[in-house]
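*Asks:* First to last, the sequence lines map onto chains F and U.
Taking the numbering used here, I'd label the letters of the first sequence as residues 1 to 287.
Taking the numbering used here, I'd label the letters of the second sequence as residues 288 to 672.
Fair warning: there could be bad hints in the mix.
To be verified - With a Cα cut of at most 20 Å, we get these calculated EDC-like pairs of lysine to aspartate or glutamate:
id : chain 1 : residue 1 : chain 2 : residue 2
1  : U       : LYS658    : U       : ASP594
2  : U       : LYS619    : F       : GLU82
3  : U       : LYS416    : F       : ASP72
4  : U       : LYS619    : F       : GLU78
5  : U       : LYS619    : F       : ASP154
6  : U       : LYS449    : F       : GLU218
7  : U       : LYS477    : F       : ASP154
8  : U       : LYS440    : U       : ASP523
9  : U       : LYS374    : U       : GLU364
10 : U       : LYS477    : F       : GLU156
11 : U       : LYS449    : F       : GLU78
12 : U       : LYS477    : F       : ASP72
13 : U       : LYS477    : F       : GLU82
14 : U       : LYS575    : U       : GLU364
15 : U       : LYS619    : F       : ASP91
16 : U       : LYS477    : F       : GLU57
17 : U       : LYS616    : F       : GLU88
18 : U       : LYS368    : U       : GLU642
19 : U       : LYS446    : F       : GLU78
20 : U       : LYS416    : U       : GLU632
21 : U       : LYS416    : U       : ASP544
22 : U       : LYS416    : U       : ASP537
23 : U       : LYS449    : F       : GLU156
24 : U       : LYS619    : F       : GLU156
25 : U       : LYS446    : F       : GLU237
26 : U       : LYS449    : F       : GLU155
27 : U       : LYS616    : F       : GLU78
28 : U       : LYS477    : F       : ASP91
29 : U       : LYS616    : F       : GLU82
It is worth saying that the hints were derived from the structure and are not from the lab.
Please read these numbers as outputs of a predicted model, since none were measured by experiment.
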Amino acid sequence: MSVIPEPGYLEAAVDALALSTDRSDRRTCALPARWARRLQAAAVGLAFPAVLLLLWELSARYGWLPAQILPDPRLVVETIQEFVASGELLDDTRISLMRVAQGFLFGGLAGLLLGVAMGLWPRFQAYVDPLFLAVSQVPTLGWMPLLILLVGIDEELKVIIIAWSAFIPVTLNTYRGIRAVPARYREVGQVLTFGPWSTLTKIVLPAALPTIFVGIREGLANSWQTLVAAELFASSEGLGYLMAWGRQLFQLDLVIMAMIAVGAIGLLFNWGLGSIERRLRRWQVAS
Amino acid sequence: MTTTSRQRRSFSRRASSNPARRSFIALAALALGVAIAAPAVADSTVIRLGYPGVGIDNRPFGYGDNISVAHIGHFIEDEFKNDPDVKIEWTFFRGAGPAVNEAIANGQLDFGAGEGDLPSIVARSKGLKTKIVLAADTRDPIYLAVKPDSGIKSIDDLKGRKVAQFRGTNLQIATDRVLEAHGLTERDIKFINLDTGNTLAALASGDIDGAFGGPEFLDLDRRGIVKVVYSTKSDDPAFGRQASLLVTEDFESRHPDLTARVVKAVVKAAQWSTDESNREAVFQGWTKSGIPVETFRADFAGVKLTDRLSPIIDEFFIARYRAQADRAKAYKLLRNDVDVDSWFEPKYLNQALAELKLEDYWPRYDANGKKVATGTVEQTQAATQ
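Chain F extracted, bound-state conformation:
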């Protein structure tokens, strides 16, 4: 009688899906097959956005949502063209990127250093860890009120907030990555009579690299998201500001344009870091 399908039905569907992907993964990587697979992946990746775009278009056409709230996609395209032509989109993007670059550099480096120190010296870690864990539980934006009182509402505030949001995941993952390096790897170093520096750079860091990179990727993604939130408040330029401006002047096409820019850059970051990581891990493939 019941309309809702049995849970088993769903599980079976999921299994079927998983099976089909498994099978395609197991295929041998002959060149044409690999290209076909990439094409397939791209098609799968684009299917969902395409459906959303279609819904958006239909909504605009049939007025499902007021045009003031969800503008016509064509208007958004026009706005993008206009802002690219005038250089405003590039200016704001550049300013946002500079803020992220500064914040991420400071936060990431500090996180790497602290993570390495915690990973190498368990005693140091024992002292620092409880406080670090407690402090890292406070969401980044939760520091804003306190920081505003300490450093004001200028550039420093934004850079510190961004640095902080990168610092936490980089520290955590660096420390975990180093702690997880198997003891027998270090023993190899001892056999080869490596000094501490060589042990660190030739054995510990390369082995911990995948985990460290997880932290870096997460840190960069965090920085980028935090930037937008920081720029929504008390700024006069940048992509986050563009969103606030668009909202206040009731130009939701501007807001959507800024969202597209933020999303695209985030995707680029992720992709760029992924390829850097693959490059750095070549030794693993070679071995």
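The hints should help you fit chain U onto chain F, whose structure is shown.
*Replies:* Below, chain U without anything else, positioned relative to chain F:
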């Protein structure tokens, strides 16, 4: 598995037998049908008014216009006190005009009560369907408050300084016009977007060099925290801000009678609040917003109440909207043209003026601000204290 089948069994028993339960369901269905049909019969209506602003610490009270007088004095509620089917619902938006726009677009409001000129013009350029039925606030001055040690003494000193502005509100267009008159544009100044509450905090902490805003600064000035160095009061009155009572076209077409009565109630509030003998009472009412009475005394010093709170849509008022729309386009605050003239719907106002015999109560001005008709309100006198 066992739980499911047991549940299913018990459900089927519930659905089939038990006549008492079945009649209950029938009754419920009937009640639902009545509830759906009810609005057509009994006409129970909520009138939703959105006010673009809050008081200090988000107090749900406005100030500086005839709408806030109507709210504080319950003029609209009193108008409907014999209609239990009509409910009045006020919402105060910290996000000011832009937030009211969003709520109107979402269908959450029937009236933009005291919506400022720029946000409503921006919304109209985006196709939001509203009518201006009454003037809520005219010639509202803006002030420039600066950090006492900033060295800023006039508008001309603002070049390159860090100044707060509540963007998208009618403050922005008023500020831009003042800048233009002094040969500056927004680009000459480092503007930071802050709402009223955060602006006051940033001024007090010295994070910004200055800020454009309303009478909120006058109290900080009195306490020596900031210095108010400029006001449009001593400059061209055409630089002031305007605000209106807006009704959505949807509500107006469904409830012309209710629209007329809301307008009439606000006209009564305007009548009371432009009478100079009520000057102190008006200011005391506005202190519910958390702003001290001295601020309003200073804000209105040398100004007749009627100059600010008259509900009349005269040529001067319409010309202000035309000018603001024109300047907003020039400053690229909006990208489409706005038809201002077809926006005004004064018939409810005129009806109320006739019913209340107030046709000659308020003076009228031409587009250039020259008085073309006097009003009897000008003969009212402030109570001697």
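*Asks:* Does each hint hold? Answer for all of them.
*Replies:* So, going through the hints one by one against the coordinates:
| no. | hint | in the structure |
| --- | --- | --- |
| 1 | U:LYS658 to U:ASP594 | 11 Å, holds |
| 2 | U:LYS619 to F:GLU82 | 13 Å, holds |
| 3 | U:LYS416 to F:ASP72 | 18 Å, holds |
| 4 | U:LYS619 to F:GLU78 | 16 Å, holds |
| 5 | U:LYS619 to F:ASP154 | 26 Å, violated |
| 6 | U:LYS449 to F:GLU218 | 34 Å, violated |
| 7 | U:LYS477 to F:ASP154 | 12 Å, holds |
| 8 | U:LYS440 to U:ASP523 | 18 Å, holds |
| 9 | U:LYS374 to U:GLU364 | 8 Å, holds |
| 10 | U:LYS477 to F:GLU156 | 16 Å, holds |
| 11 | U:LYS449 to F:GLU78 | 32 Å, violated |
| 12 | U:LYS477 to F:ASP72 | 33 Å, violated |
| 13 | U:LYS477 to F:GLU82 | 24 Å, violated |
| 14 | U:LYS575 to U:GLU364 | 18 Å, holds |
| 15 | U:LYS619 to F:ASP91 | 17 Å, holds |
| 16 | U:LYS477 to F:GLU57 | 38 Å, violated |
| 17 | U:LYS616 to F:GLU88 | 18 Å, holds |
| 18 | U:LYS368 to U:GLU642 | 19 Å, holds |
| 19 | U:LYS446 to F:GLU78 | 33 Å, violated |
| 20 | U:LYS416 to U:GLU632 | 13 Å, holds |
| 21 | U:LYS416 to U:ASP544 | 19 Å, holds |
| 22 | U:LYS416 to U:ASP537 | 8 Å, holds |
| 23 | U:LYS449 to F:GLU156 | 15 Å, holds |
| 24 | U:LYS619 to F:GLU156 | 30 Å, violated |
| 25 | U:LYS446 to F:GLU237 | 17 Å, holds |
| 26 | U:LYS449 to F:GLU155 | 12 Å, holds |
| 27 | U:LYS616 to F:GLU78 | 18 Å, holds |
| 28 | U:LYS477 to F:ASP91 | 16 Å, holds |
| 29 | U:LYS616 to F:GLU82 | 16 Å, holds |
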